[in-house]
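A.B. asks: Here's the letter readout for the chains.
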Amino acid sequence: MSAHLFVLGLPLLSSVVLALVSSLTTSTLINVAGTFLTFLASIALLIHRPEPSLWLFIDDFNVSLVVLTAFVGFTTSVFSAGYISRERKEGHLTRRHLRFYHAMYQAFLFTMLLALMANNLGLMWVAIEAATLTTVLMVSLYRTREAIEAAWKYFILCSVGIALALFGTILVYLAAQPVVGPGPEAMAWTHVIKSSAAFEPALLSLAFVFLLVGYGTKVGLAPLHAWLPDAHAEGPTPISAVLSGLLLNVALYALLRFKMILAANGAALAPGPLMVAMGLSSLGLAAFMLYKRDDIKRLFAFSSIEHMGIITFAFGMGGALSNFAGLLHMTMHSLTKSAIFFAVGIISQISGTKNIANIRGIATSHPVLGWSFLIAVAAIAGLPPMGVFMSEFLVVSSTFARQPLLAIPVMAGLLIAFGALIWKTQNMVFSKPSIEASQTYAPWALAPMFAHLALVILAGIWLPEPLVAWFKAVAGMLG
Amino acid sequence: MNIALQYDTAHLIGAMVLLFGFQLLYQRRIKAVLSTFALQAGALSMAAAWQAYIQNAPHLYVTAAIALVFKAFFVPFALNWLVKRLGIHRSVETALGVGPTMLIGVVLVALSIMLVLPVTQGASALTRENLALAMSVVLLGLLMMITRHNAVTQVVGFMALENGLILAAVGVKGMPLVVEMSVAFSVLVAMILFGIFFFRIRERFDSLELHYLETVRGDRL
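Line order of the protein sequences matches chains A and B.
Using this note's numbering, you'd call the opening residue of the first sequence number 1 and step up by one each time.
Using this note's numbering, you'd call the opening residue of the second sequence number 1001 and step up by one each time.
The set of hints was computed from the structure by calculation and includes no laboratory data.
Don't take every hint at face value.
Unchecked claim - Simulated coverage check for chain A against chain B, where a stretch passes if three residues somewhere in it have a Cβ under 8 Å from a Cβ of chain B: (1) 200-206; (2) 390-397.
Said to hold, decoys possible - Per label pair, the in silico range of CB-to-CB distance: (3) B/V1107 x A/I461: 55 to 61 Å; (4) B/A1065 x A/A412: 53 to 59 Å; (5) A/A197 x B/Y1007: 55 to 61 Å.
Ideal placement from N, C-alpha and C gives every residue a C-beta, glycine not left out.
Let's have the full structure, built from the sequences with the hints guiding it.
C.D. replies: So this is what it looks like as structure tokens:
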């Protein structure tokens, strides 16, 4: 059996097992062990790649995202262990909720990994739909009025989005079918991309509009982002971390696969300008919205919209350098944003509030947590020498080289967002402490955040040669 | 069988699905909305069965059966039961009046015909017409979701939208089974989900009007 089946099988198996285990200690252990083994199996994919089949395939592009997903899935499960046990102790969650939560967490990882590895475009759609369903259930976990409303909104908006994406997928099949012939081959990405030059261009263009609106809703691109801040704010924090760090990437990945089909066709509508426009509007809107946030999780949810906007913009620009920057930014944002949510989870637990105005002086009351939170926010705001700075610099400079006028709104958006994040964080980290120093957290709960930050800082200073070569190869593929 | 008859029958059934889509737009009472949805699902089932017959694709009979059993009988029945249990079988307001809603509906149908027919020159006439009808049904479902504020009718709008998707999928020759099955499956899951949601909403707010949900918005945009 090859490694990719393990990568899919382990979370599925863990999900089934976790649905049956009711002891909290045992289930957190199984959760961490399951994600760790999945991560190991995903590393094996780097060394040995299975032959593509009509259903699943691994290529240069998705293997890096599979490893990233498995890694963040693992670190989040470690963070979740500490977070969840405290929630249980404080009585926010019952035992039944926890069993459900753990089973869903693994099921969610399974659906994301399936979406990344799927060769069949229909299967990819099914996996993303399933990922939506599992996260809806997790967002509503606390059963509060706000949580139910957030879950409902998320569910309705993303279901409609995903339905439109299916319509787009059907149109792509319709375009492929006369050339590739009816049957599963016309749905397999590896077959479709080879012969897409002969497809009816107008049909592909129509399909892409549906796909952009459909999967774009899931990416959280403005003006389709309304579900995102609510879903991030009302669910448990580990879920916010994986939503921002992983699910948005997966939806964007799906969109990019279709963009590649259009690019290989040549005569169809150029997907670039549409993506550039949506990326810029997300960046601009989110940058201004950051100033008005008073909920700490919503603040960083809007920051996710901003960064997905930057990434979509970069891929929309296309070309080797912009694609490279987009890929790097995707990775860096994933790592940094989940690290921030780890810190936010601990902060909101020890302070007992999510209101930014009531969280002050963490650096004085809890120095290690406060300073590492500050470093993480500095990283996401794009300060050197962190990895996000590198990728944002590449986005801006590659834009300057080709479309100098477009670089201006990007720079403006980045600076406006930077100001908001630093302004909001300053009061939280410094000034007179509001949290009692007696409120403690388990020291190991910071380990996942340190791991992420170390990687982000390392990437900012030095990118290993094989990684650069890899990203370059993928950037070439993306066209 | 003669091609013209195949074509005309498929066209007729597809148009029936579309007509029920229009009817859904102006129904006021929840019970009537649910019956209309059941009829639409029945018409969809006929469309799928007809396509199975003329394309000689037996797996489409499965799609037809799922549409008939699950969507035409089980879902309306379950929702009716839910509505009775929650005691909300009164009429519900739409955001727009009947006239403007129907007008927008007509515009949407014209739009999808104008959009789909030119881009599918390469496909067979049967597929083209079917796709145009399916896209109209999808857009009408979307319109219904926008004009209704009640949770049950919004769900029906969503399922009408999915009916349009299945109509598109069965009309394209050789579409792999996975898609139809998964759509049907996702409806099942969605149904369970919605059920859970309804109960929770009921427990907390004593009403299914989404307006009551909108009092707490966090800092919405």
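A.B. asks: Take the hints in turn and mark each one as holding or not.
C.D. replies: Evaluated hints:
1. 200-206: Coverage by chain B holds here, the residue count being 5 at a Cβ distance below 8 Å.
2. 390-397: Not satisfied, violated; 0 residues make the cut.
3. B/V1107 x A/I461: 55 to 61 Å: 57 Å, holds
4. B/A1065 x A/A412: 53 to 59 Å: Holds: the Cβ-Cβ distance is about 57 Å, inside 53 to 59 Å.
5. A/A197 x B/Y1007: 55 to 61 Å: 31 Å, violated
Of the numbered hints given earlier, the model fails hints 2, 5; all others are met.
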